[in-house]
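2 protein chains.
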Amino acid sequence: MTKIIRVDMETKEITQEDAGKYNRYGGRAFIARFLTDEVDPTCEPLGIHNKLIFCTGLLGGTLLSSSGRLSVGGKSPLTQGIKEANAGGTAGNDLARHNIRAVIIERLPAADDRNSYVLVISDEGIRLEAMNELEYLGVRDTFKTLRARFGEKAGVICNGPTGERLMRGAGVAVAAPRGEMRFAARGGMGAVMGSKRLKAIVIVPAKISKVEYFDKAAFNEAAKDFHQMLIDAMPTIKKSNQTYGTSGMFKIVNELGLCPTRNFTLGAFDFHTEIGGEKLVELIRARGGDGKTGQSCMNGCMIKCLSVFPDENGNAICSTLQYENLSLLGSNLCLGSLDSIAHLNDKVNDLGQDAIEIGAALGVAAEAGLAEFGNEESFMKLLAEVEAATPLGRVIGNGVKITGEVLGINDLPMTKGQAMPAYDPRALKGNGVTFAMNPMGADHTMGNLYGARATMPPLATEGQGDLSRKTQLQMAGLETTGFCIFVRSYLFKKPELFPRFIYGICGDKMTVEEFWEQGHETARLEYEFNVKAGIAPSQDKLPEYMYRIPLPPNNSVFDLSDAEMQKGVLR
Amino acid sequence: MTKIIRVDMETKEITQEDAGKYNRYGGRAFIARFLTDEVDPTCEPLGIHNKLIFCTGLLGGTLLSSSGRLSVGGKSPLTQGIKEANAGGTAGNDLARHNIRAVIIERLPAADDRNSYVLVISDEGIRLEAMNELEYLGVRDTFKTLRARFGEKAGVICNGPTGERLMRGAGVAVAAPRGEMRFAARGGMGAVMGSKRLKAIVIVPAKISKVEYFDKAAFNEAAKDFHQMLIDAMPTIKKSNQTYGTSGMFKIVNELGLCPTRNFTLGAFDFHTEIGGEKLVELIRARGGDGKTGQSCMNGCMIKCLSVFPDENGNAICSTLQYENLSLLGSNLCLGSLDSIAHLNDKVNDLGQDAIEIGAALGVAAEAGLAEFGNEESFMKLLAEVEAATPLGRVIGNGVKITGEVLGINDLPMTKGQAMPAYDPRALKGNGVTFAMNPMGADHTMGNLYGARATMPPLATEGQGDLSRKTQLQMAGLETTGFCIFVRSYLFKKPELFPRFIYGICGDKMTVEEFWEQGHETARLEYEFNVKAGIAPSQDKLPEYMYRIPLPPNNSVFDLSDAEMQKGVLR
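Read top to bottom, the protein sequences are chains D and E.
Per the working numbering, residue 14 is the first one in the first sequence, and the count goes up by one each step.
Per the working numbering, residue 14 is the first one in the second sequence, and the count goes up by one each step.
Hints listed in this document are in silico derivations from the structure and should not be mistaken for laboratory results.
One thing to keep in mind: the hints can contain errors.
[Said to hold, decoys possible] Pairwise CB distance ranges, derived in the manner of DEER restraints:
| # | chain 1 | residue 1 | chain 2 | residue 2 | range |
| --- | --- | --- | --- | --- | --- |
| 1 | E | Glu-26 | D | Glu-148 | 43 to 49 Å |
| 2 | E | Glu-475 | D | Gly-192 | 56 to 62 Å |
| 3 | E | Asn-568 | D | Leu-141 | 29 to 35 Å |
| 4 | E | Pro-563 | D | Leu-141 | 24 to 30 Å |
[As the list claims (entries may be wrong)] Capping the alpha-carbon separation at 27 Å, the derived lysine-lysine pairs in DSSO-like fashion look like this:
| # | chain 1 | residue 1 | chain 2 | residue 2 |
| --- | --- | --- | --- | --- |
| 5 | E | Lys-16 | E | Lys-305 |
| 6 | E | Lys-545 | D | Lys-580 |
| 7 | D | Lys-545 | E | Lys-394 |
| 8 | E | Lys-223 | D | Lys-394 |
| 9 | E | Lys-252 | E | Lys-157 |
| 10 | E | Lys-580 | D | Lys-545 |
From the three backbone atoms N, C-alpha and C, an ideal C-beta is built for every residue, glycine too.
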């Protein structure tokens with residue numbers, strides 16, 4: 014049976030236990046159940062009663078492509094509700110290969126304990142070590158320092174300096190194979206990690222995988238079928254994911270007029286060709302050097318969406334410029350240059366910030382006159398303030414809600430206190446349902462209707478609630494497995510693979526319907542947590558200005574009825 | 014019948030209507046019912062759907078001593094729940110004498126309408142006037158300008174510059190007879206007023222009072238009995254209220270160890286004799302000049318708690334240094350000089366800030382290293398930042414919650430996002446129940462158990478819930494009348510006066526029990542509003558650190574059981 018590791022930051026005691034009833038659950042399913050059982054929904058997110066969970070999906074550590082994502086969960090200091098955020102990188106698989114399903118960080122160090130702690134997991138055991146030389150170190154150098162000490166193959170999960178400083182826009186960084194930075198970005202889990210004074214978790218890979226299978230032959234059969242699907246789709250995967258990641262979306266999103274531009278006041282950006290996927294790939298290829306596309310961030314992943322964007326001399330700036338980054342740090346700030354976006358994104362990553370959250374916060378800061386739309390330098394200056402942790406920098410590093418509240422801007426692109434991803438709900442109404450009703454706050458990965466635009470017109474006012482609900486339920490299932498969202502379309506075409514994987518790994522027999530129902534139960538538990546925390550149903554809503562102020566070029570407002578919205582609740 | 018005035022800030026339309034079913038209600042009772050009927054509890058407090066209510070008590074405009082308080086209500090941007098705050102000054106009586114029970118400010122000016130509006134009420138009618146010369150003007154000069162134009166007897170309600178800038182620590186100022194500043198301080202109602210772009214309301218006194226009585230003879234009989242009580246008590250009133258206001262409490266509070274000191278980390282202040290009531294009165298008398306005690310802030314008030322503190326040359330600095338001011342802006346910042354406190358308080362008043370909220374925020378800022386405890390200049394510098402509306406100043410002007418969140422301080426003296434008044438619940442446990450359970454957030458006027466210390470030991474762990482409940486219910490009744498808290502003890506000894514007053518003014522016949530039940534119903538409606546807003550019961554709690562970190566000199570933590578706390582809910 015897989016293990017749960019508990020670390021008490023007050024006593025520094027580390028304990029191990031069998032996963033027990035949690036053995037059947039990974040990712041969001043694990044986190045929803047564990048928090049429901051052990052954490053008071055009304056607790057202070059950065060206080061002694063919150064617990065920070067790092068856990069693998071149910072299928073982590075196996076050879077299944079794209080299944081090794083790491084989930085990070087707890088009560089969010091941004092939404093005040095339940096939170097699961099997940100990331101690629103190697104740590105999810107590394108943990109699973111030690112047969113660890115989850116690491117739970119509990120309580121707080123005493124007030125006078127100002128050490129920075131690193132949890133080291135290896136075949137030799139698990140220990141907590143003070144490494145104060147890492148305090149306030151950027152993510153890049155933290156990765157470097159820890160990989161230099163524990164080996165280049167060590168899995169690393171770390172907090173950036175903004176999370177250590179308890180800024181609510183901070184995510185948790187996970188290292189990809191060559192030290193690129195991935196993020197469990199959303200919901201301020203970096204601030205929770207900072208409150209526990211845990212700077213990093215290092216996982217020295219197990220010499221021999223300890224992943225346990227209930228029926229390995231059955232598992233391998235299912236894996237073979239899954240991998241064959243990916244092989245069959247490889248021409249498409251190569252053309253799309255391996256070339257562009259999600260950056261290729263930019264052109265269509267812009268045509269549809271739903272691309273956040275100039276602090277969510279416009280839906281299309283004049284210079285979109287300068288920052289879209291085609292331009293991105295053209296520059297990566299032309300500049301060469303460190304520039305790369307088609308890399309994997311988890312061992313064995315066949316999707317390989319990771320790219321590295323180089324400067325004019327071919328030196329790596331940043332990895333990976335996905336659509337969200339290009340929009341929130343690009344069009345939303347009216348920056349029409351990939352170099353500008355890469356500079357910002359590199360700094361944002363090194364600070365350990367969620368690019369969506371801080372991109373939205375920077376847009377609001379520009380609206381308040383503290384930066385100039387279109388002027389890279391003015392935004393880099395604000396990021397320097399975040400890095401220096403000045404009062405203004407701390408404001409911005411705390412995300413879009415606090416930035417707006419402090420600077421006197423009321424119209425804020427967020428739900429439940431969390432910044433909106435790069436789909437303005439006024440022009441993609443189904444995502445408005447998802448953003449308002451899902452338990453995590455504005456989050457496209459909770460049920461993105463962009464992909465359904467051929468059958469569900471983005472501006473339609475009916476049917477969006479049901480489709481959002483359906484999509485949210487699918488994601489609630491998928492996110493228990495450890496699978497990346499990029500294999501979603503393949504798996505959803507053949508959902509009978511899920512029960513086969515699950516049977517093979519832990520012996521649970523279930524139908525496809527029961528698999529989806531388990532996802533639904535996860536979402537129900539999350540909703541219940543939020544009800545007790547006070548943020549549902551009171552905050553199941555979009556910002557009021559999106560109902561009033563039309564978004565060019567469609568000049569549409571958000572106008573779904575309350576009844577339509579309610580269809581999207583996963584009670 | 015009394016009138017309700019509605020002002021639509023979008024269309025600038027002003028309408029009048031009979032108070033109708035609301036005619037029976039004043040103050041908190043009016044606000045709870047009106048908000049329940051007309052405002053969505055989930056609305057954005059600074060958005061178009063919130064309504065800002067100015068209303069009189071049921072007995073406003075009569076000759077009853079101390080009954081002319083003005084209530085200000087709406088959804089609070091600080092607590093996110095229902096809010097009623099009230100103030101002395103002349104405006105409550107002035108409105109009532111025009112037979113106006115309430116002025117309701119609705120919707121928002123268009124985004125491109127950047128005027129500062131003044132609502133002018135006189136015998137000639139009611140009009141909205143743009144007076145942009147008042148924009149961002151301090152409260153003192155706003156009072157001066159408006160009284161110069163509309164007469165020295167004009168009632169003035171105004172917003173300070175921090176409210177205009179939407180800072181959530183802003184209250185609403187009301188002018189006393191000689192232009193002294195009173196405040197409906199709590200809950201950020203100044204920010205709501207700022208969102209409506211209403212700078213002030215001026216009430217040119219009615220030449221002849223239009224107050225309507227159902228049975229004036231009966232009313233006068235009851236009034237006579239009430240005033241006789243006050244006359245009988247006059248020796249005590251003169252010795253206490255007219256001399257010290259509440260400042261005389263300082264010594265005992267300090268002895269009991271419940272006086273917030275050094276950002277609520279201590280319960281007693283070494284230099285308490287330097288800033289207590291005795292020293293205050295000694296200096297006022299010795300310095301002479303503008304210095305005064307025993308003034309009234311409402312016409313006809315026999316309590317006369319208003320004092321003016323002068324500088325060494327006898328020039329007025331500030332009015333009135335009550336206990337809350339002395340503690341939050343004094344001991345809480347380790348300032349052991351009345352001159353220091355007066356300088357801070359004067360600036361705080363002129364900025365239109367709630368002294369409790371900003372006092373707590375300044376304490377947290379000092380904890381974060383941005384000011385030095387005990388150093389007046391360092392705090393005056395922070396107030397200069399608030400005045401200049403720098404990012405740091407905006408942080409502090411937004412109150413203790415945002416200040417802590419931005420500066421990375423987790424242990425915050427607040428409940429429901431509102432700063433605690435000057436009674437640390439670890440050493441006056443009954444007030445912990447009130448602060449946690451009452452619908453308005455931390456607020457001593459909602460049910461203060463300090464006065465009951467002779468019969469209910471401050472550190473006792475039983476009986477506090479019931480007593481808090483009883484006291485909260487009494488206040489819920491009292492605060493519908495317009496009576497000041499300073500006549501509470503007299504009225505509660507003879508509660509049969511309430512039904513007599515009410516019958517005399519509006520013809521409602523009720524028993525004393527029915528009067529209290531009406532207060533209970535008010536509290537129930539407030540609680541229901543908060544449930545829908547998501548802040549009850551999820552936020553019916555004290556900060557977690559008060560359960561963990563002992564408070565010297567008692568070295569007590571807050572340790573009432575959840576069951577004891579629940580007794581204090583007014584469902």
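Hints not upheld, ascending by number:
Hint check: 1, 5, 7, 8 and 9 fail, others pass.
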